[in-house]
Each structure stands twice: as structure tokens, then as C-alpha cells.
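A.B. asks: Put chain B on the given structure of chain A with help from the hints.
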Amino acid sequence: MANATTSAAELAGDGVLAATSTLGQEVIHVARERYLEVVAALRGSGFEMCADLCAVDYLRHLDRPLPGTVTPERFEIVVNLLSLERHQRVRVRVQVPEDDPVVPTLFHLYPGSENMEREAFDLYGLRFEGHPDHTRILMPDDWEGHPLRKDYSVGRVPVQFKEAPGPR
Amino acid sequence: MSDENLVAETSEGPQELQDLDETSSEELAIEQGTAVRLPEGLVFDPGDIDVEFGADETMIINMGPQHPSTHGVLRIMMELEGETVLRSKPIIGYLHTGMEKTGEQLTYVQGATNVTRMDYLSPLHNELVFALAVEALLGIEIPPRATWIRMLMTELNRISSHVMWMATNGMDLASTSMMIYGFRDREMILTFFEKTTGLRMNHDYIRPGGVAADLPDGWEDDVMAIVDTIPGRVDEYDDMLTGQPIFKQRTEGVGLISPELAIAMSATGPILRASGVAWDLRRDMPYLAYDEVDFDVIVGTVGDTYDRYAVRLNEIRESCKIVRQCVEMMPRGDYRAQDKKVTPPPRARIDESMEALIHHFKIFTRGFEVPAGEVYTAVESPRGELGCYLVADGSAKPYRMHIRGPSFVNLQSLPPLLRGGLIADAIAVISSVDPVMGEVDR
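Chains as they are written, first to last, in my numbering: chain A, 1 to 168; chain B, 1 to 442.
Mixed in with the good hints, there may be bad ones.
To be verified - Partner residues are not named here, just some residues of chain A that face chain B (Cβ under 7 angstroms, in silico):
id	residue
1	Leu-23
2	Cys-50
3	Asp-52
4	His-61
5	Leu-62
6	Leu-84
7	His-87
8	Asp-99
9	Pro-111
10	Asp-133
11	Thr-135
12	His-146
Said to hold, decoys possible - Lysine-lysine pairs mimicking DSSO-like chemistry, simulated, CA-CA at most 30 angstroms apart:
id	chain 1	residue 1	chain 2	residue 2
13	B	Lys-101	A	Lys-150
14	B	Lys-341	B	Lys-362
15	B	Lys-362	A	Lys-150
16	B	Lys-248	B	Lys-340
17	B	Lys-340	B	Lys-397
18	A	Lys-150	B	Lys-341
19	A	Lys-150	B	Lys-195
Derived from the structure by calculation, the hints contain no laboratory data.
Every residue, glycine too, gets a C-beta built ideally from N, C-alpha and C.
Next up, chain A with everything else stripped away, as it sits in the complex (with noise of 0.2 angstroms):
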């Protein structure tokens, strides 16, 4: 475990908005127009696994704590990123606003994330801008909406094996 006290935060360059620890886990806060440089950063440093990556949709809690710096949107992209050298983790999110919801891919530095940015795509609607392959991963081709965003009621789909409900 050589040198695992070097943050995250410092590898990562200045253009991190801010970096805070919460439970013991290094959270990296990026602004959109930063975060393919910053992360490149810190593939370059040794954050070689790109281990997940995910949506996540605040529309009820549009106003959460977050760091001073950083101005709460709508939706948020969640990169965890892994050094397998430095046994170390850090989480790097992103402000997604709701109007214009393009962030750009990571396919080019983590050919990895191809399946989990269509799964964002897929669920909520987030656009991977340079994306190689941008279709729905998970729902069927021709559905409509994105089920994981919070005013994606649930029961809106009828189930196929009753009679039909209608809405509920």
C-alpha cells in the first residue's frame, strides 16, 4: 500500500470544485466543463478501473447539502473510480442540469463504462455526448420515458397478464 495518503483530490489537478470524505470515502465534486480533464487526471495518476458508474436523480431534494462551491441540478452522474496499485477509491460526481442533460463519455478513456453510461441513458434519459454505441441497454427498444427518474410514476405500465387497469 505505497503512498495510499496521497488524496485523491491532489492527483486529480485544480479542477476539482471540491473533494470531501464522507464515511471514510473520498468524493471528488467536478464541474461538467472539467470532468473529462480531471478524470483523465486521474487515470493518469493511477485511478486505472473505471468500477461504476451511475445516475442519480434528485428532483425531490433539489436543494441537498452539497459544498459551497458546487451548485445543486437536477441530475447527478456518479464515477467510482479504482486504483488497483494504490488499493484506494475515490467517487467523482458531476452537476447534471435538467435542461440540458449531455455530459461527455468515457468511452475513449475507459473503454469499461461503454455498458454503464448506456444503462444511464437508458434509465434516465442522461445524453453521453461521443458515446460509440447510444442506444437503450436494459428496456426495449421502442419504450417510452426513462423509468428511473422520479416523476416516472410507478405502476404507470399496465401489467400484461391482467385485464387491463388502465393508469393507477
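C.D. replies: Here is chain B on its own, set in the frame of chain A:
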């Protein structure tokens, strides 16, 4: 239904593998696994992709969604030239039931019943990662006995999952005896699970705050019977498969993946270890009490299907070692945290105390509130890194529950693994990735 209707009703549109001339060069790179094969520093140039065959000499076929070797409803579209796979694309989502959305409707108490249904071959790992996330947010300590019971049960689960993999892999490679043997051994472990948790699968045993029940009387004998039997059986399978010429010919050098490629594709678990990267969360980022037990991380050298088989085979032996140590070191004490907020009162108290009854009722109907925050926990499931990203908003239900399923991520490695191989080898490769579709589609 006419043929045209059938095509229209079952088509997944652009999610499918398209004809070569309709595919963008970048997409082609994924399907061929080319982009990530370039050494670092080289810039990817779409013009570099060699399209060796004219589109009229190849054909696109579907394997699945219903095929014995795809272990569920996985559909792989492949472009073939004769029997050689040129490009391939896994198409998933046939088992999608919105379990992450469901998780937002259930309380933290009910949550474990939901996540346990994702990876149905290792349900206890799913419960564990969810429980660890909730406990991290709550900030509660669980008693040592609960920790060791969790380790014991998840290691037994790892054995049963790997044995099940040996069985299905044997079936895919036409070794029917292996299938029968594998199911026989798994049954032994499932019987113990049934005795302890009440169910053979989908246990809801590991809950936030500890485990649902203490180990049953005489559990030591049951567990020792398992770990005394399994290693001998594993030696038998070793004799039966490892040196067997047919098995070796079908697996050696098939489905190669380099360590750099495995890391780039975010592959974890036996796929990553078989390629030579010694990465096991149990050792490298210990959770529970894995830093107190002694075991080896099994690493392959070549990264082919044979290595992935060998890694899993030997992980069964290592898990047996851990289970033995768990039996020896199992501490006495409580099996769940005595935190009134999350732990229901004991059954006997409910009969005599109205307050206890109300307390019990409240925990199981309204649930308990978890302070606002977000956390990511990860455990080493039999298939790789199983993660849980949990966002709490102070209510009794998670605001967002995301499960990082190892099979979902590992499936991305299929196109580079299949590229250039024979279609008969594809069966062996798909099997060696060990996807569990319940977890892929969630």
C-alpha cells in the same frame, strides 16, 4: 403471426448488431474489441480497422435469447465468416424487472428481499453488500459473531456458486457427469442454507444490523461435513477435467484476454485474476474479518478459458480453508446488533410486552429511518466486484439504490473474447464469463 410481424415484435432496433456498412467505425471497434487493444498512447484511427470480408460472405446470426449455453435470456448476435466469429454483441434486458426502482419503494428492512433476487446463484453476497451499505450510513457496529456468521455463509455460498459453475460449464462442454456431480455438491450446501435460513435460495438472511437468526444447533458438524467432503470431490473433478485431452483442447488458448484489456474493460473476479492480475477485494480491501483469516488469491497466467476454470476450481479449495477457519474462530455472543432502532425485540418479549409488540410492528411496517448521506460498498462476489451505491435522504426508504453487478460489467468483455474464435468455442467462452442474467438485467 406472419414472419414480418414476428421480426417487428421481437426486434430491438439499433441495439442489435447492424450490417457492416451501417455500423459506424467506432461501434465496429467495440464489436471487434479493437479500440481497447491498442497500446496506450496510440490514437485510435477508425480507418485502421481491417474489414477483411465482404458483407455478402458473412452472415449475422442470433445465439439466444433462448439457448442452453447462454445461462438465461442472454442474446448474442454474431457475424460469422464460415465458423469464425468476426464481430459480436451481447443484447441484454430480457429479464429486466426494474429492481433498482423497486428498491426505492421498499424500506431498508424489506430491501434485502429485493437485492437477494438479483444474483440468484450467490444471494448472500447481494444481501451482504446491501447490509454493509445500510450499516455504514447508520453508523452501527455489528457484533463479532454476526461478522463471522456472514463470512461463513458467504464463503459457503461462493463454494456453491463455483460448484454450480463447474456443473453448467461441464454441461456446455458436454461433460454430463460434471453437471450431475456439481448439482450434487451444491445440494449439500443448499440443504445447510435451508436449515439455517429457512430457504434454499433468496434467503433474506443477512439483514442490516446482523443476521436474521443464529446458526442452528449442531451447525459445526454440518459445516465440517461439507468442508470435509468438498475438497475430495474437487480433487476428483481435477482428475476428471484438468488433464483430460478433450477438455484441454476445448479450453486452452480459447477466449484470451490480456491483463491490460481486462482492467480497461472493468472486468473483475475470475476473469481479471485469470489474466494474471492478483486483485481480490477480500485481500486487497478487506471487509468483514477477512484480514484475520489466511487464504491465497488464485491467479492465472494466460487469461484463457482454461485459466478461468482453474481459478474457480482452486477458489473452491481456498473457500473451504476460510470456512474451516470460521468454524474454529467463531466467537460467542449476539448474532445481531442490540440497537433498538434497527433490531426487532426477541420473539419471547412480544408475548409479554405491549411495547415490544408495537416496536416489532413498527420496524416491520414503517421500517427505520436512515440518516441522509451516500455510500458505496463493495464485496468480492463469486463473479467479481459487487457494489452497492446507496443514497439515503433521511426517510425509511432508500432514495437511490444502485447495484454494480459484476456480470453486467463482465459481459462487455465478450466481443474481444469471442473475436476470431470458432462458434463452438463461443459456447466455452460465454460459459467461462459466468454471467447470471438476474444480475445483468436487474
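A.B. asks: When the nearest CB of chain B is found for Asp-133/A, is that gap smaller than 7 angstroms?
C.D. replies: 5 angstroms, holds
A.B. asks: If you draw a straight line from the CA of Lys-340/B to the CA of Lys-397/B, is it 30 angstroms or shorter?
C.D. replies: 18 angstroms, holds
A.B. asks: Given the hinted pair Lys-362/B and Lys-150/A, is their Cα-Cα distance within 30 angstroms?
C.D. replies: 27 angstroms, holds
A.B. asks: Was the hint right that Leu-23/A lines chain B, CB cutoff 7 angstroms?
C.D. replies: 5 angstroms, holds
A.B. asks: Take the shortest C-beta to C-beta distance between Cys-50/A and chain B; is it under 7 angstroms?
C.D. replies: 6 angstroms, holds
A.B. asks: With chain B as the partner, please determine if Leu-62/A meets the hint condition of a C-beta pair closer than 7 angstroms.
C.D. replies: 12 angstroms, violated
A.B. asks: For the hint on His-87/A, does the least C-beta distance to chain B fall short of 7 angstroms?
C.D. replies: 5 angstroms, holds
A.B. asks: Do the numbers back the hint for Asp-52/A, that is, is its least Cβ distance to chain B under 7 angstroms?
C.D. replies: Constraint on Asp-52/A satisfied, holds at 4 angstroms.
A.B. asks: Against chain B, with CB atoms and a cut of 7 angstroms, does the hint on Asp-99/A hold up?
C.D. replies: 21 angstroms, violated
A.B. asks: Checking one constraint from the list: CA of Lys-341/B to CA of Lys-362/B, max 30 angstroms. Satisfied?
C.D. replies: The hint holds at about 10 angstroms.
A.B. asks: Quick one, are Lys-150/A and Lys-195/B close enough, alpha carbons at most 30 angstroms?
C.D. replies: Between Lys-150/A and Lys-195/B the Cα gap is close to 40 angstroms, so the pair fails against 30 angstroms, i.e. violated.
A.B. asks: Tell me if the straight-line CA distance from Lys-248/B to Lys-340/B falls inside 30 angstroms.
C.D. replies: Status violated; Cα separation ~57 angstroms.
Checked against the numbered hints given earlier, this structure breaks hints 5, 8, 12, 16 and 19; the rest are met.
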